[in-house]
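Engineer: Chain by chain, the residues:
2 protein chains.
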Amino acid sequence: MRKVLALAAAASLAGCATMPAPSRSARPAVVPGAMQFLYGSAEAAALSEQAYNALVDNVRLRIAGPRPSESAIVLPADGAPVAASCGDKPFAAVFDMDETAILNLGYEYNDAASGAAFDAGRWARWEAGGADKVVAVPGATAAFAALRTMGVTPIINTNRNVAAATETADALARAGLGSFVHGETLFLKGDADGKSAKDGRRRAIAARWCVLALGGDQIGDFSDALEGTPAARRVAASSPPYAARWGRSWFILPNPVYGTGLGSGWDDTFPADKRWTDMQGAK
Amino acid sequence: MRKVLALAAAASLAGCATMPAPSRSARPAVVPGAMQFLYGSAEAAALSEQAYNALVDNVRLRIAGPRPSESAIVLPADGAPVAASCGDKPFAAVFDMDETAILNLGYEYNDAASGAAFDAGRWARWEAGGADKVVAVPGATAAFAALRTMGVTPIINTNRNVAAATETADALARAGLGSFVHGETLFLKGDADGKSAKDGRRRAIAARWCVLALGGDQIGDFSDALEGTPAARRVAASSPPYAARWGRSWFILPNPVYGTGLGSGWDDTFPADKRWTDMQGAK
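In order, the protein sequences belong to chains E and X.
Just so you know, we're using my numbering here: the first sequence kicks off at 1 and counts up by one.
Just so you know, we're using my numbering here: the second sequence kicks off at 284 and counts up by one.
Worth double-checking, as some hints may not be accurate.
If you want a taste of the chain X side facing chain E, the calculated C-beta under 10 Å gives, among others [as the list claims (entries may be wrong)]:
| id | residue |
| --- | --- |
| 1 | Gly-316 |
| 2 | Ala-347 |
| 3 | Gly-348 |
| 4 | Pro-351 |
| 5 | Val-417 |
| 6 | Pro-421 |
| 7 | Thr-436 |
| 8 | Ile-438 |
| 9 | Leu-509 |
| 10 | Pro-537 |
| 11 | Pro-539 |
| 12 | Gly-546 |
Quick caveat, the hints were computed from the structure, so don't treat them as lab data.
A virtual CB, placed ideally from N, CA and C, is assigned to each residue, including glycine.
From just these sequences and the hints, can you work out the full model?
Structural biologist: And the structure:
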């Protein structure tokens, strides 16, 4: 295993050393490590199957028991966030789209191969033209089908743009995830309250649906309340009231490639009292 | 969210551009992206809490029902691998150690800060001297305690070296994971059959225990049978008979930093028919 580490480390350094590439013609020698993991590994596929298996099993258990009263959606209130109520609303499960329901293989290939910096125009062109270059996240198609069979409606809450609503629904359908309708089962950036933060859309969805599960790859796909430094957000995710939700009503997919899972500095990542010095090292 | 992507991408490129550093005194500007994610993010903490919550919930359900007949350990046989039998053996759950039960913060800090290539001697010094520089994986201490309360014994099956058996048990105890005894509840590299592959040790454990769950960060922590190219291993992890095990009897922890989750090439990672070209790109 440690041998594999050495090879992997060497590979990712080699990848780093040659990127960013000045043009598409000079593709780096190796795929960036985080993309090797998310898009190329059995381990990331297993993490995804695990999240979707746990989600379907938990939803099945909840609808087999007494009718749920509490939504998986937790909304800001005076004091602590409060779970929305289910009443007699129809059952739904709410998912982010990118790197949660689908993998953006086409865009990420272009990103890695070109080494180009992020560009909102390029992302918009991808939303408009990439529908045939995505695949479903491992486990997602089977889970969406199982939910529909149980009478639970999958709803997508994404920050893709309203301008590409049709192409976004097309990408989901081509990936085998079924049919989604803007404003009904597909919510895009700015819907409900004009914001990119998702609590406003979650509030609108919770008004019409009894949401039994949330799925996403970013903390913001679950609540806007986990804020602060990376270290503070990490502690909050592992503490009450959030720690007990993971794998029970909130289901997270792996994404080390982009997003709020990146950005921690040395002090956020490695506490001072956990730093080791190799006395015989540094030859 | 895409804005965060841009920042994260810039950050990881900056990190790449300055590593490897020639000496410990020249620490890179930023933490490698995969370490930011695994050791510094709320998202990776949530993935870990999710795996441990799902494991404890599934074990609780299994011991509340009819006595399980099948072990979570699947062993090679003539033809397809076969689940070991439980008989009336005592209940156990088997875990890998590194990046499954504990996070090697001290070692990984040294690795990232020094930029040194992998060196078996440095890793051996870490096993012998790093017991106070590790932390438990988020969710692991609560899960190990819950398992013991249910009468399920946590067992560690790791490729750490027999030479450091005492220090390895010490590291687990200091992380709050409890007491482990070499040969009883702690299995090290080479135990049982002299190999680093773990099926031999799993066979020895299954002979004495009814194993209700396996936990690990590498596919080899579950079975030695998933072999081949990264793409072949990825397909196998998402196909019968393995796909249904994730989140039910096999529980995987995230690790984009090292191991068999890394190493896929361009063709393994990005199928030719899923590569997108930005026609207006490459200015």
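Engineer: Each hint: holds or not?
Structural biologist: Each hint tested on the structure:
1. With 10 Å as the threshold, the beta carbon of Gly-316 of chain X comes within range of chain E, its nearest partner Cβ sitting at about 6 Å, so the hint holds.
2. The restraint placing Ala-347 of chain X at the interface with chain E is violated, with a minimum CB-CB distance near 13 Å, outside the 10 Å limit.
3. Here the hint on Gly-348 of chain X is broken, as its CB sits about 13 Å from the closest CB of chain E, past 10 Å.
4. Interface hint status for Pro-351 of chain X: violated, as the beta-carbon distance to the closest one in chain E is roughly 17 Å, over 10 Å.
5. Residue-level restraint check for Val-417 of chain X holds (minimum Cβ-Cβ distance to chain E is 7 Å; threshold 10 Å).
6. Residue-level restraint check for Pro-421 of chain X holds (minimum Cβ-Cβ distance to chain E is 4 Å; threshold 10 Å).
7. Violation of the interface hint for Thr-436 of chain X is found here, the shortest Cβ-Cβ separation to chain E being roughly 22 Å, above the 10 Å cut-off.
8. For the restraint placing Ile-438 of chain X at the interface with chain E, the shortest Cβ-Cβ distance is roughly 18 Å, beyond the 10 Å limit, so the hint is violated.
9. For the restraint placing Leu-509 of chain X at the interface with chain E, the shortest Cβ-Cβ distance is roughly 6 Å, inside the 10 Å limit, so the hint holds.
10. For Pro-537 of chain X, the interface hint holds, since its Cβ comes within 10 Å of a Cβ in chain E; the closest pair sits about 5 Å apart.
11. At its closest, the beta carbon of Pro-539 of chain X sits 4 Å from a beta carbon of chain E; the interface hint therefore holds under the 10 Å criterion.
12. At its closest, the beta carbon of Gly-546 of chain X sits 6 Å from a beta carbon of chain E; the interface hint therefore holds under the 10 Å criterion.
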